[in-house]
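Residue numbers (this note's numbering), protein chains in the order written: chain A, 1 to 136; chain B, 1001 to 1937.
None of the hints are false.
Here are the simulated EDC-like pairs of lysine to aspartate or glutamate, each with C-alpha atoms no more than 20 angstroms apart in a straight line:
id: 1; chain 1: B; residue 1: K1688; chain 2: A; residue 2: E103
id: 2; chain 1: B; residue 1: K1070; chain 2: B; residue 2: E1214
id: 3; chain 1: B; residue 1: K1826; chain 2: A; residue 2: D57
id: 4; chain 1: B; residue 1: K1463; chain 2: B; residue 2: E1376
id: 5; chain 1: B; residue 1: K1893; chain 2: B; residue 2: D1825
id: 6; chain 1: B; residue 1: K1782; chain 2: B; residue 2: E1862
I should point out that these hints are in silico values taken from the structure, not numbers from a laboratory.
Each chain is listed here by its residues.
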Amino acid sequence: MIIVVAVLVGVLFATGIFLILQRTLTRIILGLTTMSNGVSMLLMLSGGRAGAAPFTDRQTSGVRLADPMPQAMVLTAIVINFAMVSFLLAMAYRSMSLTGADEVEDDLEDRRIALGERVEEIYEEIAPDLVEERDQ
Amino acid sequence: MNGPGVVLALLAIHALAAIAAGPLFRQFGRRAFLALALAPLALFSWTLFAAVRLADTGIPHTEALRWAPKLHFEVAIRLDWFSLLMLGIVSGIGTLVLVYSVAYFKGAARTPQGQADSEVWTRELQRKARIGRLLVLFAGSMAGVVASDNLLAIFMFWEFTSVISYLLIGTEDHSPSARAAALRAYITTAAGGLAMLAGFVILAQATGSWSLTEMLSNPPAGRGVNVALGLVLLGAFTKSAQFPFHFWLAPAMAAPTPVSAYLHSATMVKAGIFLIARFSGPFSDVAFWRPLILVVGTTTMLLGAWRALSQQDLKVLLAHGTVSQLGFMVILLGYGNAETTYAGVALLIGHSLFKATLFMAVGTVDLRAGTRNVNELCNLWPKMPVTAVVTILAAASMAGVPPLLGFIAKESALGSLVDIGSTATTLALVGVVAGSVLTAAYSARIVAGILGVYSGGETSTVKGEGSLALVSPGVVLTAITVVAGVAPMVIAPLVGRASDVLSGMHAKSHLQLWHGFGLPLGLSVLILASGAALWMARTRVSEIQSSVQIPVSGARMFDVSIRQLLRGSDLFIGRLQTGSLPFYLMVILVTALVVPTVAWLGGGLPPLSLELFDDPAQLVVATLTAITALSAVAVRHRLGAVLCVGATGYGVAVMFMLGGAPDLALTQILVETLSLVVFVLVLRHLPKDFATNQTAFPILPRAVVSVAVGIAAALFTLYAYAARPDGLKPVSDDYISASPTAGGHNIVNVILVEFRAFDTFGEISVLTVAALGILGLVRAVKRERGDGIEPTTPLRSSFILDSAVHALFQTLLVVSVILLLGGHDKPGGGFIAGLVAGSAFVLIYIAGGERDLRRREPLAAEVFLGVGLITSFTAGAIGWIGGGVFLEAKVWKAHLSLIGQLKLSTPLFFEIGVFLVVLGVITAVLRSLGREEVYEI
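Using the sequences and the hints, build the whole thing.
Here you go:
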C-alpha cells in the first residue's frame, strides 16, 4: 500500500489546496474536506503495511494486524472534520444572509494597515508634540 | 527560608484595599482615601517594629512565598537596613500622600447641584476611586520592589509600578497630551525593565541563584556578567529618568499632584537608584561602571537643573529639579565607595522629604490660588503662612542651607568626593558644584514665586490655608527635615547601617552639622553665594538660557525612533498583512514548502524501499478517487462539485477497508453521507453556480503551489511510511497486547475509550463547541430577519418514502444501540453509533421535514450535547474514586439469575457520552440549517 496511496495523498492535497486558494467559501470547505481525506490516508499509511483489521480475537491465527493507533486518531479526525465542515457551512449561510454571497472578503482594517494609513494615527497618539512641530 | 509572613500579608492588604476602593468611595466619598491610607500606615508601623528588632538581633527578617519553584520564582522578602529604610520612605510618604489626597481632591469634585448633576458627581467619584485604588496598589508594589530578595519578584513588582505609573499619568484620559505622556513614560520604563530582566537572567545563570543577597555576596564575573550589568543599568537609568532617558519625567506631571509627589519624586523614580545602590557594592570595580555612572549622573544633574531654572510652571520646575537630584544620587550611590554611599543615603532621605513636601505645597498653592505659574502668583505669605514656611524650609533644604538635612547631606557628599580626589571624581565634583549652584538658584525661584516677587509682590486674595489634611503632611515632613538637620544623630545610625549594608564596608563619616573649616564648607558657601548671585542676575540668565539651545533632546530621539520603528514595521507588515485570506494561505503554504525542503536537502534521509501496492484493488480505487478529486476542481456547478468531493470520500472509505480499517471505513461512509445532506441544506440558500473571476491569484501560481504541495505531501507520506524501522517496537504493540485485559477486542475502540480516553474527551468537547457555534450562527440570522416566511408549497414527499422511513427509523435506532454496546469487541462504538442514530433523524427529516423531526425528537440539541459531555466527564471522574486517575476504568460484575452475567464499566458510560455528543452535533445541524423557513435574500 505504498506508491499508489502516496500518489493519491498527493492528488488529494493538491486539489484540496487549489480549491482553498480562492474566495468562495463553499469551495474552501470542499477543499478542506478533500485535504482532510488526504491527511487521513497519510496517517493510515504512517502505520505501516496494511494488515488484518485490528481485533484481538483473530490474532490467534498469527495474522499480521494493521496498526490500530493511527486508526484511532483518524477516526476522531473524521468526526471532527464533519463538525468543522458543518460549522463552516453555517458560516457560509450566515455570510449569504449578511452580504448576499458566500465570499471571503478582504479584511478592511488589514488593508488600511497595508496602505500605511494606521501608522500615522498610531504615531499621532504616541507623539502628538512632534506631529504638531512638523505641521507648523 | 521561612514561609509567607507579615510582610507578604501586608502587601496583600494593599491589594485588598485596592479591591475595596470602589465600595469605600461609594460609601464615604473622598474620605475613603483615609481608609486606604491604613494599608501603608500598617506597613510603616510594622517597619518601625522590624527596625527595632533588627537593631536587637542583627538578623534580617526573611519570609518567602513559593510561587513557581521550578521556575525559581518565589516572592522572597529580606529586610536588611537599606530595605527597611526604603520601606519606611515608601510606606510613610504613601500614608501622608493618601491623607493629603483627601483634601486635594475636594476641589476636583463639587457637591452635586441637584439631581441633574448626579451623573457628573458619580463620574468624579469613580475617578477618585480609581486614583485611590492605583495609589494604594502602587504603595504595595513599590514596597515589593524594595523588600524582595528574588530577582524575578523584583522584576514583577518593578513592572507593576511602571504600569500603575502609566495609568496614573493618563488619569486625564481625554487629553491627548496626557495620553502621549503616559505612553512615552511607559514605553521608556518598560523597555528598560525588559533589558533589566535580560540582565537578571544572565546574572542568575552566572550566580546559580535567583536570590539578590546571594548574588551580591558571591558576585559573578565575566564578559556575560558585564553585559548583564549594562542591561541592569539601562533598566535603572530609564526608571530613574537619567540622561538620555530623562525626557519622560517632565510630561509625566500631567498626573494629579499627589501622584507626582509620590511616584515621580519620592518613590518610583528611586527604584532605579535603589537598584544601582544595591549593585554598586560588589560591581563598581567593573571597568565601565564608574565612568558610566559619573558621566550619566553628572550630565543628568546639570541638564535637569539647567532646565528647571527656566521653568515658569512650579510643578514642571520641580520635575526637572527631580531629574537633577536623581542624577546627583546616581553619582553618590553608584560610585560604590563607603563614604559616597553614606552621603548618598543621607541625600536619598533628604530628597524624599523635601521633594514630597514641595510637590504637595505646590499642589496646595495651585488648588488655593488657582495657578502655579511663577509669573501669576501673588504673595501668599500673609494668607498662607504655614504653607509658605513649609515651602521655604523645603526649598532651603534642597538648596543646601544650614541647618537643614539637605545641607548636611550635601556637605558629606562634597566631603566624600573631595576625599577620593581622583581625576574622575574631581571632574564629577566640579559638575556637582555647578549643579548645586543651579539647584540653589531654582530653589530661590520657587521661594520668590510663592512670595509673588515675579508678579510685583501684591498680596494674594486666597482665603487661608485650607484644611488640616492639606497642610499637615508637609508640616510633618518638614519637621523631620529640620530635626534631622539640627540634631543629625537622630538619623545618623540609620544612615550608617543602611550604607554599610550597601557598600559592604564601614563608613567613617558621621552626619554632622559642623564639619569644621575645610574645602566642603568652602564649597557650600560658594554654592549658596553663586546660587544667590545667579538668582539676582535672573534677567541676564534667562536671556542666556533662551539663546542656548541644547542640541540633544531625549524626547526628540524617542519620537524619531518610535517613528522609524513604526515605519519599519509598516514596510514589513504592510507587505505581509494585506487582508486577503488567499494571500495569507499562500504565505503559509510557501513557508511550509520551503522550510522542510531546506531541511530535506541538508540532512540525509533513509532510502525508500518502495512497492507499488499491497492489493491490486487499491490501484483501481485510488485511480477512481483521484479522478473524482480532480473533477471537483473543474466543476462550476455547486452541487456537482459537492457530489464529486463526496465521491472522493467514499473512495477513501474503500481504501480504508482495503487497508484493514473497518471502523474507519464505516465512519467515513456515514460522515460522507451526512456531509452531503448538510451541504444540500445550505446549498438551498446559495447560488447554483460558482461565480467566476473571484480568485485572488491567477490560475498559474495557484496551480504551481498546489501541485508542489501535493508532491511534497506524497513524498512526506512515503517517508512517514519508511520511518518505521523494524527494530523499534511501536506503541501500538503494547495496546494490542493490553487490549484483552482491558476487556475489549476492538483495539481501535479500546484505544479511544480507555488508553487514550483523555484525547477523546478533548475531541467531544471540540464537537460540542462546533455544534454550539452552528446553532449560534444560524440563530443570529433568524434574529435579524425575524420569523421566516413559510414556504408556499408544503415539502411533503412520497407516501412510499414516508412509510419506509418510519419503518427504518426504529430499526436504525436499535442498530445504533447494538453498535454502541458491542463496540468494545466488534466494529462500532460511540462515534459510529452516534452517526447511525443521527442518520435515523436525518431520514425522518428528509421524509417529513422539520415538523416531523420535532415530533420524533423532542429534545433540543443542547440537551444531547450537555448530557453527553457530563456523562463522559462523570464516567471519567469516577476514576478518581479510590485514589485513581481521571478516566481510569472501573468495572462491576454481577450475576443475575435470569439474564446471566451483567457487566458495568465506566468506559461504557464514557462511550454513551460520546454517542450523545455526536448525536447532538447532527441534531444541531438539522435543527439550525434544516429550518424550513425560506428567507428573502
